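Residue strings, one per chain:
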Amino acid sequence: MINDFVFYPSHCIFLFVKKNYISKKMKKIAFALVLGISVFFAACETSDINPNDKNSVSLYFENLVGTDPVVLNTKTYTNASSEDFTISTFNYFVSNISLKKSDGTELKFADKYFLVKQSVESSHTITLPDVPAGDYTSVSFMVGVDSAKSVSDVSQRTGVLDPASYGTDNMYWSWNSGYIFFKMEGKSAKSTNAAKDYKFHIGGFGGMTAKTANNLRTVTLTMADLAKVRKNIAPEVHLAIDVQKVFKSTLKIAESNTIMNPTLGTAVANNYKDMFAVEHVHNDEM
Amino acid sequence: MKLKLGIVLVISILLWGCSKEETTEPDTPLVLFEKPSTFPNTSYKMESNPITEDGFLLGKKIFFDGKLSRDGTISCAECHNQPYAFTHHGHAQSHGIDGLVGPRNAPALQNLAWGKTFFWDGGVFDLDLFSLAPIENPVEMDEQIGNVLEKLRKDVTYPPMFKKAFGTEDITTERFLKSLSQFMLTLVSANSKYDLYKAGKASFSADEKAGLTLFNEKGCASCHPEPLFTDESFRSNGLPTDFFRNFVDTGRYRITELKEDKYKFKVPSLRNIEYTFPYMHDGRFISLEDVLDHYADGNMANLETLDPIFKQNTKIGIALNQKEKSQIIAFLKTLTDESFLKDKRFVP
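Chains A and B, in that order, are what the protein sequence lines are. Our numbering puts the first residue of the first sequence at 1, with every later residue one more than the last. Our numbering puts the first residue of the second sequence at 1001, with every later residue one more than the last.
Everything labelled a hint here was simulated from the structure, so no lab data went into it. Since we're looking at a predicted model, the values are computed, not measured. Ideal Cβ placement from N, Cα and C applies to all residues, glycine included. Among the hints, a few may not be true.
[To be verified] Computed footprint of chain B on chain A, listed as stretches where at least three residues anywhere in the stretch have a Cβ under 8 Å from a Cβ of chain B:
hint : region
1    : 172-178
2    : 200-209
3    : 259-272
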């Protein structure tokens, strides 16, 4: 309840308005107060979690540069090494998601693969259905496509894993069988190539016929707010992804404008695994 | 009256339909894949993609279709010609779209069911995933697989063929790739003079016999062992690395990025070698004489990754005199499989 009055970035206000909370409260403050208090108590009374209840949990990936939402192509940013850069492409695979409860039990979402693309708004939200009621304390996921899936039969490669689904924005290396886990491209005056651009294509699942660089990274984030799944609460976990972390101070466009092989990609993967953070969790009642 | 006529018409159509079906039933069903008795088990999981006549015919049509390329001009068969064991005849390095040239020589397409990896550097580990590479390669077909599927969907001949092969008209990545695999898996070459000789059905000349003995005793067979004439490993046979003026092909290293794999390439099969010239990953040798000279004349590059087998003598390489070279070549020519090169099943 209280959560509803805290200020959040633009995305949350959007939710707010959509649900018409503001106007209702403006008009009938007294009523809202009474309602709020009674619901508050009601919530306390029913805090017994019914394990048979289920609801969905959604993860919202908001890509930011520092604290500014990413704007493709037109906005120029500056990285930690004082290099200018724009972003024309910013994509990554998310898989092997799991949610952990305070009692340590873990809920795994096997065989679910997602491709978050900055250019496709709908891809920023991942909805996990049928999550049993409970208080979830952490979320974990892999950035990339795990090795088992990376070597699987073509029949397993559907949806975002279907090479035919990428068009010009390819996320698959056909010459070195494997998915591109993370892709970031843009322009920079600091680039030493003629096109003045940079391309970071990070892949490498460890190799099938030889042991090669493994750039799969698992990210585990605790949720201070807890994600409280109830019959009438479908929590939304708001993740803030800071693109600046891709560079940290170690990756300079002037030194590497094109990274497309797994060994060079390792340093970038080590950087971007730290770009994810849980900003907050919405536990709004439906 | 009208009704009666209708019934008669329907019955006659039915009968005609039946009799037609009977007459078009092929007398002998096409045998598409048989494991030669001398071959090991396949690497390809045959049960994951059972070869059917309809799947094979679909794969063959796709293999010969220029629609797979951006401008409709380049089919797989453009660079893989059957009379030359599906190599790119007359091209040291393969020419693709817009006349562009890639750095590598097109290898023979044969016995692919036994392949553990594909490409000279082994970058692809599953035949089903292979065809994405030439389609997307900017100097080969320069097209996106999504566009290819869209083109096939719009072509009236394809949806019914997919239905026959896979049950519905849906054209998916999996079906597209697996039908191409079905075609490629049937490219089995195991009926050369050498195979007949082994089976006691043909005899070798004295030179061919001597050549076979030398091939085994001089160590060729340690990398090119019977019956596939490749052990699928990655090795360096000491090719100088400065063949191209401004490009060094690091081979297997490109995939593994391991120092010990620098300049190593997949050992190619020697079946049909008489017809797969020019030779080596970059097509640098025109003739088998050139190849044997490379092995024997001490001109190998003494690379750090050069296979130890070539470092046993004071002069690097394999000691062979002229006669021995020509005997080995005589033997290599027994690996020609005319029935494969002329097999009508593979003709569009």
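To see whether the hints hold, each was checked on the structure:
Counting residues of the region 172-178 of chain A whose beta-carbon sits less than 8 Å from any beta-carbon of chain B gives 5, enough to reach three: the coverage restraint holds. Only residues whose beta carbon comes within less than 8 Å of a beta carbon in chain B count, and the region 200-209 of chain A has 3; three or more means the coverage holds. Beta-carbon proximity to chain B at under 8 Å applies to 3 residues in the region 259-272 of chain A; the threshold of 3 is reached and the given coverage holds.
Violation of the numbered hints given earlier is absent; every hint is satisfied by the structure.
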